[in-house]
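Line by line, the protein sequences are chains A and B. Taking this note's numbering, the leading residue of the first sequence gets 109, the next gets one more, and so forth. Taking this note's numbering, the leading residue of the second sequence gets 14, the next gets one more, and so forth.
Think of the hints as simulated: they come from the structure by calculation, not from any bench. Watch out, some of these pointers could steer you wrong.
Which bits of chain B does chain A cover? Going by a derived footprint, with three or more residues having C-beta under 8 angstroms, they are [to be verified]: (1) 49-60; (2) 98-105; (3) 110-124; (4) 210-221.
Take a look, some chain B residues computed to stay more than 12 angstroms from chain A by CB distance [stated by the list, open to error]: (5) Lys33; (6) Lys46; (7) Asn77; (8) Asp93; (9) Met95; (10) Glu155; (11) Lys193; (12) Arg261.
Just so it is clear, CB atoms sit at the ideal spot from N, CA and C, and this is done for glycine as well.
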Amino acid sequence: MHRYAKKMEILARTLLGSCAFLSILTTIGIILVLSTETIEFFGQVSPLDFLFGTKWEPLLEPKSFGVLPLVSGTLMIMVGSGLIAIPIGLFTAVYLSEYSSFRTRQIIKPVLEILAGIPTIVYGYFALTFITPVLKNIFPDIEVFNALSGAIVVGIMILPMVSSLCDDAFQGVPRQLKDGGYALGATSFEVIGQVVIPAAASRIMAAFILALSRAIGETMAVTLAAGATPIFRVNPLESIQTMTAYIVQVSLGDTPAGGVEYLTCFAVASLLFVITLFMNVIGQSIMYRVKKKATR
Amino acid sequence: MNQENIVLKTKDFNIFYGEKQAIFNMNLDICEKKVTAIIGPSGCGKSTLLRSFNRMNDFVPSFNCNGAIEFEKKNILKLDPMEVRTRIGMVFQKPNPFPKSIYNNIIWGPKIHGHKVNYDELVEDSLKKAALWDEVKDRLNESALELSGGQQQRLCIARTIAMKPEVILMDEPCSALDPKSTIKIEDLIDDLKNDYTIVIVTHNMQQAARVSDYTAFFYEGELIEFDYTDKLFTKPSNKQTEDYITGRFG
Ligand SMILES: Nc1ncnc2c1ncn2[C@@H]1O[C@H](COP(=O)(O)OP(=O)(O)O)[C@@H](O)[C@H]1O
Ligand SMILES: [Mg+2]
């Protein structure tokens, strides 16, 4: 009997351990593939031309590989969606934590979670068939595929993340600190604006960064809404192409594997990986610092 | 007893958390510029009653009450809670300074209420009254979180004083402090009663005996005995009070 239990223990440890190991292996595998293909790409295209070139025409002769049009497209989506999701998300969290009754809170919270769970392709169709037509009434010149619609829909997508992370940040502010404000005769607005938000500032910043990095990584919704026109310009009413949208375009098209056109995909993916990794590391390290401080 | 001016008066006051009653038929008078201590075993409703005086229980969803609390002839329960809290200040169990500078902690209350005063003078005056000025006068712009626990608690008292309240409520203000800081706060309370009416909740009977003029003994939500502190601790008229102060329970 005892020997049996011991065997089970060893088996369990191996099984559980290998599951944990699997995710690490996958990550390493992804990084390896990305980097070998990217290195091969830079064997044929100079990194300077890639990073600072303003013309992205890898599929047409004469080919040019300046990634800035994709970066600008991605940034437009990031900034636009941030302008929408950050204020609304923050205000939603303020409302939830200081103004709503227990009941409303019980309703809004799950609704936000459902919003967060909708497949992104659905958001894309929503942008194309609803947001863009509405925008067309306001801006008659707007293109069918346009950055604005993409930014709005990505903003809606990351909104639940912003509000739920900000709400967590507010909940992390000790009750007694708020009581201190209220006991001086302050209104909820003064307490949240001048006591709670400053006290939760770093966690709120981390929430913003994590949400923006999600906006950058978003693919299907922007591909559908914002189109596939990699031109270096900043007019939100025109079509753009983001880094992710380009990767999808190449992956779905019949670009032959091994050619330089095919390798662009990996270079763009590496750049995207580095940018989002950078943002996540900053966001997570802010969170980590705050947690460490709280437990001291 | 009491020939003095009564500032706060609870009248047949009952408090409930949902179905559960926490305060029963409370009739308690708080005298002007005196220190009134509320003692009693943990969970007997001391904080609950104290937090009703400045409407802090409004934040508890299940809270409801009936009866009245008179404050200068008006029923506190019918006043604007924000106004009540500017006139009845509160110091909490755990020091809770804002994560701001010492200076900004003091002026925060007067500033949001738009009090037209000289802030430098207000800061100096409040800190002196809270017996903290000498220790912090050279570092008013440093974060309040750099202060020791005892200093933080005196800063919270100074922050309350800066609002120029009539009453200061204190809920076990020394329970998170070391003995030395505790003595400092007790001395401070003795000075403050020249200007303010003070109600202090404490589970430390020696403390109640040292700092207060009147003592109220609560048990399971009821006021068992209320008298001059000297009398209550030497010749209690109720058997339960006697058992409690001699340490037979609680
Ligand atoms: N927020 C609350 N919700 C429900 N019950 C509470 C709440 N606060 C206090 N109580 C209950 O009211 C009674 C009195 O509590 P309290 O006033 O904190 O006692 P004390 O300060 O004398 O230790 C206790 O039984 C406690 O469980
Ligand atoms: Mg208590």
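Check your understanding: Which of the numbered hints above does this structure break?
Key -> 1, 4, 8, 9
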